[in-house]
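*Asks:* Letter by letter, the sequence shown follows residues 1 to 543 in UniProt numbering.
Check the hints yourself; a few may be wrong.
[Unchecked claim] The following label-pair restraints were derived from C-beta to C-beta distances:
{"#": "1", "residue 1": "Arg-94", "residue 2": "Thr-282", "range": "54 to 62 Å"}
{"#": "2", "residue 1": "Gly-278", "residue 2": "Thr-226", "range": "15 to 23 Å"}
{"#": "3", "residue 1": "Lys-80", "residue 2": "Gly-366", "range": "26 to 34 Å"}
Hints in this document: simulated from the structure, not taken from any laboratory. In this text, a Cβ means the ideal position worked out from N, Cα and C, and glycines have one as well.
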Amino acid sequence: MQTSKISHRQYRSQHLDPIHATNSKSGITLLEPHVLSARLKKFCNANQIDAAVALLKSSPLDAQNAPVWNTLIWECMKAKRFKLGYQLFIDMKRRGFSPTIRTFQTMFTGLSRIEDWSNHSKQLANARSIYESYQRHMAAVKKGDPSSSELSVNPLASYITLLGNAGEYQEIFDVYYAMDTEGPLSPNQFIFTAMFQALSVKHDPSNSPDSKINSTNGVDAKLLWTQMLKTSRKAPGFQVDSFIVTSAITTLSRGYSADQDLAFEIARDYFGLSAPGGQPSTGTLRLSPQSFAGLLKLCSASRKYALSDHFLQQVKKRPDALGGVSLLDRLHIEEVLKARLSLPASGSAAYALDLLEWMLRQEIVGNNGPKIRPAISTFNLVLTACWRDADWNSAARTFDLMTGYHSHDFMDGAVLVPPRFDKRAPGRNLLPSAETMSILVRTAYSTRDYANVRQCLRIVAHLDVHFPQDLKTDIPTKADRSKQFFISKLASALVDSVTFVLNHRDGVHSDPDESQRWKTLARQAERVSKASNSQFIPTLKKQ
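Model the full structure from these sequences, guided by the hints.
*Replies:* Now the structure itself:
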């Protein structure tokens with residue numbers, strides 16, 4: 001009878017088999033740190049964090065180390081058990097495990113996830129205590145080994161973020177000025193990015209709550225930008241990346257015109273996007289979607305609305321290697337449309353419709369994919385441009401692209417029952433909202449053309465736009481209040497439109513049944529327009 005041979009893996013130490021490590025005296029298998037970490041994660045994934053804490057505290061000290069404690073601390077932070085996470089940080093030190101740079105990174109990153117600090121004043125005090133512990137740890141490491149990999153300021157980026165979320169802006173600069181001017185403990189790109197991002201949402205109490213301009217933001221951002229450039233020139237490995245540049249542009253856009261001008265210069269120097277007549281630049285960084293979004297918001301904040309389209313055309317012509325047309329998404333185009341609507345000049349309808357049709361083509365033939373597909377918000381912006389220009393033809397075309405219907409089938413002398421309906425891929429036939437129908441009806445009425453208004457009323461009737469008998473008396477959310485606003489506008493426009501066409505005798509419209517449907521719709525709309533609250537659920541007929 002042959003005896004099978006069992007192959008054992010070879011290890012550098014002939015006495016170590018990590019899978020079957022045992023106590024040489026008792027023969028009991030020892031619990032290893034990585035195994036303990038896996039068990040802790042399993043408990044946390046099952047939402048049993050308290051059981052994981054009990055397991056850690058009852059485990060042999062040989063199975064515990066700083067990474068194991070870091071693992072459980074992070075799981076607590078992810079579950080928003082911030083108090084428990086800090087208690088573990090304290091227990092870790094009491095049990096003789098010194099925090100590492102990873103521990104401080106874990107603690108600050110976890111606490112930076114708190115958005116509303118008004119209910120976490122105790123955690124802010126804990127964060128300050130952790131910061132003091134971090135400083136002592138860095139001083140001890142630096143004294144023992146000035147070249148240690150433990151020397152790092154990266155955890156402070158998250159600490160700066162949480163200070164910004166808590167509104168403690170002066171402390172942000174206290175942390176900054178407490179850093180070394182050179183060496184591994186000097187500010188790096190992560191620190192400057194965090195500072196710019198914190199300043200970008202800073203509120204100036206001297207300004208009104210609704211003010212879009214914050215002068216102190218611009219002053220602080222200009223100073224910080226100058227300091228960043230000085231640091232980058234003398235610090236090896238420091239890279240001015242797109243995150244820093246984008247954060248700086250966003251912050252400077254909230255300042256005065258001089259601050260905004262600096263932001264445009266930064267965009268030109270680093271991204272190669274220059275204003276008309278400006279000094280051309282090839283740039284040094286690849287344009288990212290976030291960077292372009294920040295630049296578009298700068299155009300709006302500085303009220304230089306025409307620059308939005310100017311920069312859009314530049315991006316369309318750029319190679320993808322520098323950040324070209326493939327980076328564009330729906331939100332970019334909507335920002336450009338909003339800027340165009342802020343211009344007093346006419347012609348926005350044709351411009352908006354062209355841009356909408358370009359988006360639809362780009363989704364198919366370009367590399368943008370679904371990210372550039374128009375949404376209801378996009379169509380509403382285009383329709384708003386049509387309403388402002390009293391351009392019913394562009395509005396009707398926009399309606400066709402949005403819903404799949406053919407607006408031609410609702411025209412005088414060409415009415416089809418039922419109208420044609422193009423079945424498209426999922427997500428491409430959109431149901432009109434209260435806002436959509438409100439703008440559409442007001443656009444037709446603004447033309448003062450009887451044929452246009454009749455065509456629009458047929459669309460409204462076919463879509464079964466109706467106003468229910470039972471009206472809401474409470475409007476709890478902002479979304480509901482917005483809906484209520486457009487319901488009121490729609491109801492008012494319908495009453496005006498029906499009155500307009502029925503009081504006119506041009507010999508074209510003579511269908512009594514259709515007139516009766518419109519009168520009924522107008523009565524419902526009139527009741528709603530007089531009510532203070534209502535609800536609206538337009539329905540699209542199934543095809």
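*Asks:* Decide, hint by hint, whether the structure agrees.
*Replies:* Now the hints, each set against the structure:
{"no.": "1", "hint": "Arg-94 x Thr-282: 54 to 62 Å", "verdict": "holds (57 Å)"}
{"no.": "2", "hint": "Gly-278 x Thr-226: 15 to 23 Å", "verdict": "holds (22 Å)"}
{"no.": "3", "hint": "Lys-80 x Gly-366: 26 to 34 Å", "verdict": "violated (41 Å)"}
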